Structures are given as structure tokens and as C-alpha cells.
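As you go down the protein sequences, you meet chains X and C in turn.
One rule links them: number in my numbering = place in the first sequence (from 1) + 322.
One rule links them: number in my numbering = place in the second sequence (from 1) + 38.
Everything labelled a hint here was simulated from the structure, so no lab data went into it.
Check before you lean on any hint, since a few could be wrong.
Derived SDA-like pairs (lysine to any residue); straight-line CA-CA distance at most 25 Å [as the list claims (entries may be wrong)]:
1. C:70 x X:458
2. X:649 x X:659
3. C:79 x X:642
4. C:304 x X:361
5. X:649 x C:357
This structure is a prediction, so every number in the text was calculated from the model and none was measured.
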Amino acid sequence: MTRQISFSAALNEAMSIAMQKDENVILLGEDIAGGAAVDHLQDEDAWGGVMGVTQGLVTQFGRDRVLDTPISEAGFIGAAVAAASTGLRPIAELMFNDFIGSCLDQVMNQGAKLRYMFGGKAEVPLTIRTIHGAGFRAAAQHSQSLYALFTHIPGLKVVVPSTPYDAKGLLLSVIEDNDMVIFFEDKTLYNMKGEVPDGHYVIPLGQAEVKREGKDLTIVAIGKQVHTAAKAAEQLAEKGIETEIIDPRTLSPFDEDTVLESVAKTNRLIIIDEANPRCSIARDIAAMVADKGFDSLDAPIKTITAPHTPVPFSPTLEDAYLPSPQKVIQIVSELIGDDSLQAIS
Amino acid sequence: MEKTQVKQPMLSKDKAVWMYRKMVEIRRFEDKVHELFSAGKLPGFIHLYAGEEAVAVGLCAHLRDDDYITSTHRGHGHCIAKECDINGMMAEIYGKATGLCKGKGGSMHIADLEKGMLGANGIVGGGYPLASGAALTAKIKKTDAVSVCFFGDGANNQGTFHEGINLASIWNLPVVFVAENNGYAEATPFAYASSCENIADRAKSYNIPGVIVDGKDVLAVYQAAQEAIDRARRGEGPTLIECKTYRNYGHFEGDAQTYKDEEERKTHLGEKDAIQMFRTYLTENDLLSDDELNAVDKEVQQMIEDSVRFAEESPYPAEEELETDVYVSY
Numbered sequence: 323m324t325r326q327i328s329f330s331a332a333l334n335e336a337m338s339i340a341m342q343k344d345e346n347v348i349l350l351g352e353d354i355a356g357g358a359a360v361d362h363l364q365d366e367d368a369w370g371g372v373m374g375v376t377q378g379l380v381t382q383f384g385r386d387r388v389l390d391t392p393i394s395e396a397g398f399i400g401a402a403v404a405a406a407s408t409g410l411r412p413i414a415e416l417m418f419n420d421f422i423g424s425c426l427d428q429v430m431n432q433g434a435k436l437r438y439m440f441g442g443k444a445e446v447p448l449t450i451r452t453i454h455g456a457g458f459r460a461a462a463q464h465s466q467s468l469y470a471l472f473t474h475i476p477g478l479k480v481v482v483p484s485t486p487y488d489a490k491g492l493l494l495s496v497i498e499d500n501d502m503v504i505f506f507e508d509k510t511l512y513n514m515k516g517e518v519p520d521g522h523y524v525i526p527l528g529q530a531e532v533k534r535e536g537k538d539l540t541i542v543a544i545g546k547q548v549h550t551a552a553k554a555a556e557q558l559a560e561k562g563i564e565t566e567i568i569d570p571r572t573l574s575p576f577d578e579d580t581v582l583e584s585v586a587k588t589n590r591l592i593i594i595d596e597a598n599p600r601c602s603i604a605r606d607i608a609a610m611v612a613d614k615g616f617d618s619l620d621a622p623i624k625t626i627t628a629p630h631t632p633v634p635f636s637p638t639l640e641d642a643y644l645p646s647p648q649k650v651i652q653i654v655s656e657l658i659g660d661d662s663l664q665a666i667s
Numbered sequence: 039m040e041k042t043q044v045k046q047p048m049l050s051k052d053k054a055v056w057m058y059r060k061m062v063e064i065r066r067f068e069d070k071v072h073e074l075f076s077a078g079k080l081p082g083f084i085h086l087y088a089g090e091e092a093v094a095v096g097l098c099a100h101l102r103d104d105d106y107i108t109s110t111h112r113g114h115g116h117c118i119a120k121e122c123d124i125n126g127m128m129a130e131i132y133g134k135a136t137g138l139c140k141g142k143g144g145s146m147h148i149a150d151l152e153k154g155m156l157g158a159n160g161i162v163g164g165g166y167p168l169a170s171g172a173a174l175t176a177k178i179k180k181t182d183a184v185s186v187c188f189f190g191d192g193a194n195n196q197g198t199f200h201e202g203i204n205l206a207s208i209w210n211l212p213v214v215f216v217a218e219n220n221g222y223a224e225a226t227p228f229a230y231a232s233s234c235e236n237i238a239d240r241a242k243s244y245n246i247p248g249v250i251v252d253g254k255d256v257l258a259v260y261q262a263a264q265e266a267i268d269r270a271r272r273g274e275g276p277t278l279i280e281c282k283t284y285r286n287y288g289h290f291e292g293d294a295q296t297y298k299d300e301e302e303r304k305t306h307l308g309e310k311d312a313i314q315m316f317r318t319y320l321t322e323n324d325l326l327s328d329d330e331l332n333a334v335d336k337e338v339q340q341m342i343e344d345s346v347r348f349a350e351e352s353p354y355p356a357e358e359e360l361e362t363d364v365y366v367s368y
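Required output: the full structure, derived from the provided sequences and hints.
As C-alpha cells, then:
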């Protein structure tokens, strides 16, 4: 069996490999090492990132390549854009995706548009790693899933992995990509373990994966919601319903074919997306299938999302906010017209 | 840093008791939250204010209910000093329906608008423009209220620092910007992350007074605050006060704090402890006796225990609350 490591360790390994391979790869962000200019720490990190994902990298590569920044998102994200376009290949950590509020101009109006505005003369090989997701009791300003916001912007690529294996292969792919990519890491997945090969491998961007095969309905799920779908699928299988689960893995570019082929087989589609519903990826996928796969559908497309509210703090409210296997089973029972399914939830 | 020489402010006995009490309330509240978090009873991210009591109390001692404050992720001390309800605060940190924000905000978003407490804030540097905006209301409505913006040394490198303070200066707004320089932005020393020796030095750029005080000395803070707040109320514009202070706990609960200097830590938890220093001043100047101070300690201890009981016995919000209060109407 391949060794098992955590989602967090898989990401750390991807960055270490990329930095060994290419001296132009640098890291920058708030406390990605921590303890800068503290005499007794030197090349030892105090934190290694707020969630410890970059631990040990400053010891491996030194403070010249692992740069702690002031709390100045507009400053260091903007600097990373220009460093990328002038010859480096930076990995910038935007601690929480919610903090994009402090630096959106540098991402949206600068980085994302340089290549197009300059007639194809610029390249921005920049990776922005950022933490997202509810379920950590981190409240409204540290729990959002803002990938739809970035997917909306031409010039940005958007990646949302759901397993340690995908996290490593996708991050290596992203670092080596010559465009600007926003790489989303769900804070509740960091400790999840899975099989991850040693060494270098890449997962191409724009390639969805069928995580589970089935013939009765298709569920497209984003990020950690792949695991919500898997739990629901287990329970549905006991009732003889075979669910196909598709993880798009990258939202921009988006692998439409894999989704359309699955819907052509199952004729039913549910999309699980823990982001807010308006102008969401869930509705984007639903619109795409309604447009290009209408003839395949035997039932309306259903979406399971957060409500149109900020993320609440209280544990009971946050649990209600998130999609759950029970909600999935309820929607499946409505789609299939079988009330007895609800008994298993 | 040298101890700031202060003129002895004329503290009334009532004011002295209030200030001592608030400082102890903050310390006991934070120690209790630390204990509860360690026991796994509290959800989410917690950032404790213990050690910095003299700043919030020295400032808020001059404020009325209709004065505004903006706070930070490390906001419990500001809430207590602005007289937010302790039971409501504790319940909020538990995520209970009886919390000041009905359990929807948590530790990082406690707010009490009736007390002029415009919210703790999860975004570093989020407060400057908000403080200026509240001051704009006061100026236009001619209420003579002032606005106090608390921020950390980490936040002094955010772009909003420049924009918020510049706006307050050109419009002559009644704001006091209060830097709580505890030496570390999360795990990064102030000296590494800031191009200036003192945050107060930056006041020059905005053509406003910049004042440095020993933030462990509540009397020094009280006096500097008095001048700045009076100036703001007179319509003479903003002031930047930098309080040199120290946080006794980590950036957040769970922080191993390997970046701190051990000697520095011992000094701040020992001889430079703000509450001990104030206590010594009060007894040596015969403002309050040890018995009186001990009685306050005891009352506060009980109050904090009661708040925990109140929070634990309170219900969680009903699931229907998830979709309320997004809009006024929709």
C-alpha cells in the first residue's frame, strides 16, 4: 500500500518538491514561517503558517526564499503578482480567503488582467494558496468559500482539491502553471489522511475525476462536499440506488465533458456546493447542463448549497448552514419520487 | 522603555474603583476563557486581551455610552471597558442564543451598538475607516460624541491605516486612534514588520499629534486619552496614541509562543503587570485600601463564575435563526 499522509503534509511536500526543482519558486505570506528576526529562532519557524502547512520549509530553504510578510495583503499579494511577471514563480499564502477583501484589486484588476491587457506579452506564474470553508466555528469573516468570486474573473484559474492525493498533484501542477491560480484549501480537510505517492506527480488542471461510479444519479460535489456526497451514496447504495460522484477539482478551467457524459448515463443531477447559492458554481454548473445536456435530463437539476446568509458562529447554526448527507438523501428521495428513502436519513 | 513621567491625574475614588474593577474584570474574564477553551468547552478562534487591560480601561474611562469604539479580533477587553454585559459576552463566546449577537458572531465579532461598541473585527485593519465613519456621524449630527479606534501593531501595516487616518485628518473628525503595540503581530516581531521605530511617528504624515505612552501604566494612558478625547470633542481633530504593551497569552489560544523572549515575558507578567502597578499606586496614595480592592476582586470572581453558569445554562439558537437578520427586509 502507498503510504498515508495528511492533506496538510501532502501540500507541504508539493511545495518542498517545487522549491527543490526550481530556484525561482519562493514562498511569501503572513507567518508562513513566523518568528522573523527573532534571535533564538533563525531558520526555525515559529508557526509554519497559521495552520502549520508550511512548517519546516524555512529550515529547508532559508528566509531568503520563505518570506514572512507584514499584515499587508494588498502589499504582498500585489508584490507577488509583479514578482511573478518579472521572473519569479511565487507561492503567496492569503491566510483566509475572506481576506481577499483587503487585496482584491491586486488580484482582479492587476494580476488577472495583465496578460490580456498587454496583448499576451505578460505571464503571471503565481500561485495563491488560501484557506476556505465552514465547519470550524470560525464565524463570518473566516469561513467563507469564495471560489465563485474568482471563477468569475477571466485570467484566473481556480482549484479546489478534496483529497490529499489530489492536493499534492494539483498544487504541483498549479505551481508549474504559467497563469495565476487561486488554490483553495478547506481548513477542515488538513488532518484528513490518504494515500499519497512519494516524489513528483501532477494532476492536469481542467480534469474532473469520477470519485464513485453509479448509474442512477450524478452528484457533482466541490471540495469537502465530495465527502458529504460519499456518505450519502453509501446509504443510498443500501437502498439499491447507485450514485455517481464527480469531483471537478478545478473550477476554472471546468471539465464540462465529464459532467455531461455522466448525466447522459444517469439522467439526474444534484450539485453540492457549500458556498452561498446566488451566482454560485452550483448554479453555473446547473445552467451549463440545462443548456448542453437538457435532452439527458429526466428530472429537474437540484442544488444543495448553503443558505443565502453569512456563516454563523454558533455550532448549531453552522451545522444547519452546511450541506449534510441527510439533506442529500432528502433531495434524492424527491428526485426519485421515493419517500421511503427518507427513513434512512 | 523608560517609564513615562505623568502628572498625577486627579482620580476620584469612584473613578479609581471603576478603573480597577474593569481591569480585574478583563483579566479574570480572559483567564476564565483561557481555562474554558483549554477544557474544550469553547468553539472557534479565541484571542485573549490579558496584559493589555490598561489600554482599554485608560481610554474608555473617559467615554460615554454614545461615544463609539471600534475593536479588533482581540476585543474582549474593549467590550468590558465599554461596559458591555459580561453575561451576554460569555454567552456569545459559547455560541448561545442569549449572547450579545445571539450566538451568530462569537468571540471575534462581539458587538453592542447600544454601548457604542461597533464590534470586534476578524479583519486586521478593518476598524480605521469604520471609526472615521462613526466620527463623521458625530460631526455632522453635532452630538459631540467621539470615536476611538483600537488597533494592534500588526494592523499598522494595513493600507486602511493610511486611508482611515488621512480621512479623519482632512475632515477634522473626532477620532482617537489607539495603537496597542504588544510587540508581536501574530508570531512576527513589530521591529521586523514595520519600517518605523514607533507607530506614533507615522502621525506626522497626517499632520496630527502622535503620542507614545507606557501602555502598562493605566494612569499614563488615562492622561494621554484625556487630552486626545478633549481635543476631539472640541472639534480639533484626531490624535494617534501609541500604547506600548504586552499580551500575556499567545496570538490565539493554542499558540506555543516560541517567538517570545523569556525574560521579557517574566518582566511583563511580574513587575510590569498593569493591574499590580495600579494597585500599588492606589494603596500607596491612599485612594483605596487593600480590603476594598480585595472586595472588588471577590465580586468580580463571582461575576465571572456567574457568567459561565449563565452561558452554559442558556440554549443554543433555534435553527430558524440561521436565516434571520441578513437584511432588514428582503
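Do the hints match the structure? See the list:
Pair hint residue 70 (chain C) plus residue 458 (chain X) holds up; C-alpha atoms about 22 Å apart against a cutoff of 25 Å. Restraint check for residue 649 (chain X) and residue 659 (chain X): satisfied, since their Cα atoms lie roughly 15 Å apart, inside the 25 Å limit. In summary, the hint linking residue 79 (chain C) to residue 642 (chain X) is supported, as the alpha carbons are separated by about 20 Å, within the 25 Å threshold. Straight-line distance between C-alpha atoms of residue 304 (chain C) and residue 361 (chain X) comes to about 18 Å, which keeps the hinted pair within the 25 Å bound.
Restraint check for residue 649 (chain X) and residue 357 (chain C): the C-alpha separation of about 15 Å stays at or below 25 Å, so the hint holds.
Every hint from the earlier list agrees with this structure, and none is contradicted.
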